[in-house]
Amino acid sequence: MPDMKRCMEPHALLHTGVGIGLGLVLVGLVPSVATNALMWGIVVVVAGFVGEFLVK
801 MPDMKRCMEP HALLHTGVGI GLGLVLVGLV PSVATNALMW GIVVVVAGFV
851 GEFLVK
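Numbering-wise (this note's numbering), the sequence shown opens with residue 801 and increments by one.
No wet-lab data here; the hints were simulated from the structure. Ideal Cβ positions, reconstructed from N, Cα and C, are used throughout, including at glycine. Take these hints with a grain of salt, some might be off.
What follows is a set of in silico ranges between Cβ atoms, one per label pair, in the way DEER data are often shown [stated by the list, open to error]: (1) G823 - V850: 31 to 37 angstroms; (2) I820 - L854: 15 to 21 angstroms; (3) A812 - I842: 17 to 23 angstroms; (4) V855 - G823: 30 to 36 angstroms; (5) V855 - L829: 26 to 32 angstroms; (6) V843 - P810: 16 to 22 angstroms; (7) L822 - L854: 30 to 36 angstroms; (8) I820 - F853: 15 to 21 angstroms; (9) V830 - L854: 19 to 25 angstroms; (10) V855 - L822: 14 to 20 angstroms; (11) V830 - V855: 31 to 37 angstroms; (12) L813 - I842: 17 to 23 angstroms; (13) G819 - L854: 27 to 33 angstroms.
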């Protein structure tokens, strides 16, 4: 499984983090699901974008 190494590189992990953040943003749009999900989603998305620029 030499291709699995590419999944654990910082660039791929940051894409995963941005995906998780977007998921939290979508969950936060439904107020009954989670109160703080929107805030955490925005934080995770911003951290992912900042990480993308720092890694390159």
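**Asked** Can you list which hints this structure breaks, lowest number first?
**Response** Violated hints (numbers, rising): 1, 4, 7, 9, 13; every other hint is consistent with the structure.
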